[in-house]
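S.K.: One letter stands for each residue in the lines below.
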Amino acid sequence: MTTRAASRVTRTAAAPRGASWIEALAVHVVFVLVAVFFLVPFLWLFTAAFDANAEAYIRFPAQPTLNNFVRIFTEHDFGRALANSVFVAGATMLLDVVAVALAGYSLSRLEWRFKSWITYAVLLLQTMPLSATMVPIYGLARALGLRNSYLGLILIHAAIELPFLIWLMKGFFDNVPRYLEEAAWLDGRSKLRALAEVVLPVARNGIGVVAGLSFLAAWAEVLMMIILIDTQDLKTVPLAFYEALRTRGGYTEVQYGIVAAMGVLYAVPVMAIFLATRRMMVRGLIATSRGL
Amino acid sequence: MSRVEYADVSKRFPTQDRAAVDRLTLDVADGEFLVLLGPSGCGKTTALRMLAGLEHPDRGDILIDGASVIRLEPKDRDVALVFQSYALYPHMSVRDNIQYPLRVRQLSAAERGRKVERVAELLGIVNLLPRRPAQLSGGEQQRVALARAIVREPRVFLMDEPLSNLDAKLRTHTRTELKALQQQLGVTTIFVTHDQAEAMTMSDRIAVLERASRWRVARAHRRLAPRRAARGRRRRRPQGRAAA
Ligand SMILES: Nc1ncnc2c1ncn2[C@@H]1O[C@H](COP(=O)(O)OP(=O)(O)OP(=O)(O)O)[C@@H](O)[C@H]1O
Ligand SMILES: [Mg+2]
Numbered sequence: 000m001t002t003r004a005a006s007r008v009t010r011t012a013a014a015p016r017g018a019s020w021i022e023a024l025a026v027h028v029v030f031v032l033v034a035v036f037f038l039v040p041f042l043w044l045f046t047a048a049f050d051a052n053a054e055a056y057i058r059f060p061a062q063p064t065l066n067n068f069v070r071i072f073t074e075h076d077f078g079r080a081l082a083n084s085v086f087v088a089g090a091t092m093l094l095d096v097v098a099v100a101l102a103g104y105s106l107s108r109l110e111w112r113f114k115s116w117i118t119y120a121v122l123l124l125q126t127m128p129l130s131a132t133m134v135p136i137y138g139l140a141r142a143l144g145l146r147n148s149y150l151g152l153i154l155i156h157a158a159i160e161l162p163f164l165i166w167l168m169k170g171f172f173d174n175v176p177r178y179l180e181e182a183a184w185l186d187g188r189s190k191l192r193a194l195a196e197v198v199l200p201v202a203r204n205g206i207g208v209v210a211g212l213s214f215l216a217a218w219a220e221v222l223m224m225i226i227l228i229d230t231q232d233l234k235t236v237p238l239a240f241y242e243a244l245r246t247r248g249g250y251t252e253v254q255y256g257i258v259a260a261m262g263v264l265y266a267v268p269v270m271a272i273f274l275a276t277r278r279m280m281v282r283g284l285i286a287t288s289r290g291l
Numbered sequence: 000m001s002r003v004e005y006a007d008v009s010k011r012f013p014t015q016d017r018a019a020v021d022r023l024t025l026d027v028a029d030g031e032f033l034v035l036l037g038p039s040g041c042g043k044t045t046a047l048r049m050l051a052g053l054e055h056p057d058r059g060d061i062l063i064d065g066a067s068v069i070r071l072e073p074k075d076r077d078v079a080l081v082f083q084s085y086a087l088y089p090h091m092s093v094r095d096n097i098q099y100p101l102r103v104r105q106l107s108a109a110e111r112g113r114k115v116e117r118v119a120e121l122l123g124i125v126n127l128l129p130r131r132p133a134q135l136s137g138g139e140q141q142r143v144a145l146a147r148a149i150v151r152e153p154r155v156f157l158m159d160e161p162l163s164n165l166d167a168k169l170r171t172h173t174r175t176e177l178k179a180l181q182q183q184l185g186v187t188t189i190f191v192t193h194d195q196a197e198a199m200t201m202s203d204r205i206a207v208l209e210r211a212s213r214w215r216v217a218r219a220h221r222r223l224a225p226r227r228a229a230r231g232r233r234r235r236r237p238q239g240r241a242a243a
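These protein sequence lines are chains A and B, in that order. Quick note on numbering that gives the first Met the number 0: the first sequence kicks off at 0 and runs consecutively. Quick note on numbering that gives the first Met the number 0: the second sequence kicks off at 0 and runs consecutively.
Isolated chain A, as found in the complex (with noise of 0.2 Å):
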């Protein structure tokens, strides 16, 4: 169902029935470019990664190395701050998907005062830009004790998505029939666990979205990174890069393969990761309920 309907998508935007091959000429065109736009990025990534003597441009390495990858290990203890990146994404994750389950099911289907002023007040939120409260969190952090600790950068990076993934999450809710759960009630289960066992396996697409959406945005975070460590003990990714960056006392001479073999371990993963559940994440982002 859901392959048929896109390919009648993809066929009717790329040559419409009746169209002039000029009209079909032009999509491909247009394509391809923003194609290449995105990817050259990546492309520099991987070429200079693999190069001795990278710079700031694309060329080809003249003798592929491994060189820089064993580098970053050795000299810039980068397996330390890739697993507190992978510790701190994911614990991120398991702490935003149960929160956003819960409040979001109480926003779609529970009946409760005010609860409209709050729905709106949790997308206000969102809004707000991140760097405005930058102050502010540093401030309650240190108040706290929660600067330069694991607990500190996973419930901050819990809650900064939280506002929109509790939005999004709603929406899938919205989207389950009510009478599954009132059917599971009646067959004897608890609320709770009538939400475990249907509404969320039915809901599945929404929560692979909402992991997907929250490792990723812990995974990629800098600014709160950079106010909240600063320990090598707790060095993340970002942090790593930032220092790669700032050898030898300023940013004059990069180490171009340095960063680049980093960015190749640091988006490698995410790619995996996409792959892995990329039908759940684009049934769920097309938020389609058909085809449960």
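Please note: incorrect hints may appear among the correct ones.
In silico DSS-like cross-links for lysine-lysine, where the CA-CA straight-line distance does not exceed 27 Å [stated by the list, open to error]:
#	chain 1	residue 1	chain 2	residue 2
1	B	Lys178	B	Lys74
2	B	Lys168	B	Lys178
3	A	Lys114	B	Lys74
4	A	Lys190	B	Lys74
5	B	Lys114	A	Lys190
A few chain A positions that, by computed beta-carbon distances, are all more than 10 Å from chain B [said to hold, decoys possible]:
#	residue
6	Phe41
7	Leu81
8	Thr132
9	Tyr137
Heads up, incomplete: computed chain A residues facing chain B, CB under 8 Å, no partners named [what the hints assert, rightly or not]:
#	residue
10	Leu179
11	Trp184
12	Gly187
13	Val197
Source of the hints: derived by calculation from the structure; they are not laboratory data. Quantities reported herein were computed from a predicted structural model and do not represent experimental measurements. Glycine included, every Cβ here is placed at the ideal spot set by N, Cα and C.
Given the coordinates of chain A, work out where chain B with the ligands should sit on it, guided by the hints.
M.R.: Quick look at chain B with the ligands alone, frame taken from chain A:
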């Protein structure tokens, strides 16, 4: 096995200006097969949902075995409902759908298997057990929904047009099976249908709801309620005028 009483029950949905159920008083004897008949929109589904605990009445009381249930959660009422919209769990196989209520009651796998096979046979859906609901026709889904309700022995069966999507032959057959099963189990049953023949052949009594308005429902009630259908299952007593 239980007696069900609606005592002066009313329900109006906030978005509607007319009550969906207006002062319904109805007494269903233990083990009785009561058919609810009435035009579309007259509040039949709403009446069943209030007994199941899915809607809260604005006024009046609902009792099972003399005890008020309106404060009980749906899970604690021990009532099985066949939804008009089937409400099959889309992520489970037909087998898992049917045995879900048994799993909730923590029956052993062997016992679950035995019961599922038996109802599946009764309803002619054995070959569908491994499939997903999305791979079934409307009539097949409806039989699975029925199977999920009758696989256990609740205090009350509520069936909201459970045969509406079956072809004539299958419908006649299922009617007979269902009625025989109900008599054998002796479970109090409230059965909604638009089909008068169905109402006549299956019921111990028929309650006719007309457009929810006070006196008409009361009239239907007056005609029906005084005759306590004591052990109605021994003798079918179809009565009442079906609203054309
Ligand atoms: N959730 C709801 N919100 C608002 N109005 C509702 C709701 N459910 C039912 N109604 C209204 O209540 C009235 C009774 O509905 P109900 O579903 O009980 O009718 P019914 O007798 O089951 O009809 P049918 O034979 O078509 O199934 C209708 O006017 C309907 O529009
Ligand atoms: Mg109905």
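S.K.: All hints are to be evaluated individually against the structure, with a verdict given for each.
M.R.: Hints, one by one, checked against the model:
The suggested pairing of lysine 178 of chain B with lysine 74 of chain B holds, with an alpha-carbon distance near 26 Å, which does not exceed 27 Å. Proposed proximity of lysine 168 of chain B and lysine 178 of chain B is supported: the alpha carbons are some 16 Å apart, at most 27 Å. Simply put, lysine 114 of chain A and lysine 74 of chain B have alpha-carbon atoms about 26 Å apart, close enough for the 27 Å limit, and the pair holds. For the hint linking lysine 190 of chain A to lysine 74 of chain B, the alpha-carbon distance of about 9 Å falls within 27 Å, and the restraint holds.
For the hint pairing lysine 114 of chain B with lysine 190 of chain A, the CA-to-CA distance comes to about 26 Å; that is within 27 Å, so the pair holds. No beta-carbon of chain B comes within 10 Å of the beta-carbon of phenylalanine 41 of chain A; the shortest separation is about 37 Å. Under the 10 Å C-beta cut-off, the non-interface status given to leucine 81 of chain A relative to chain B holds; the minimum distance is some 35 Å. Annotated as non-interface, threonine 132 of chain A keeps its C-beta farther than 10 Å from every C-beta of chain B; the closest such distance is 39 Å.
At roughly 44 Å from the closest C-beta of chain B, the C-beta of tyrosine 137 of chain A stays outside 10 Å, upholding its exclusion from the interface. Using the Cβ-Cβ criterion of 8 Å, the hint placing leucine 179 of chain A at the interface with chain B is satisfied: the shortest such distance is roughly 6 Å. At its closest, the beta carbon of tryptophan 184 of chain A sits 4 Å from a beta carbon of chain B; the interface hint therefore holds under the 8 Å criterion. Restraint check, glycine 187 of chain A versus chain B: the minimum CB separation of about 4 Å is within 8 Å; hint holds.
Against a cut-off of 8 Å between C-beta atoms, the interface hint on valine 197 of chain A holds, since the closest Cβ of chain B lies about 6 Å away.
Taken one by one, the earlier hints all hold for this structure without exception.
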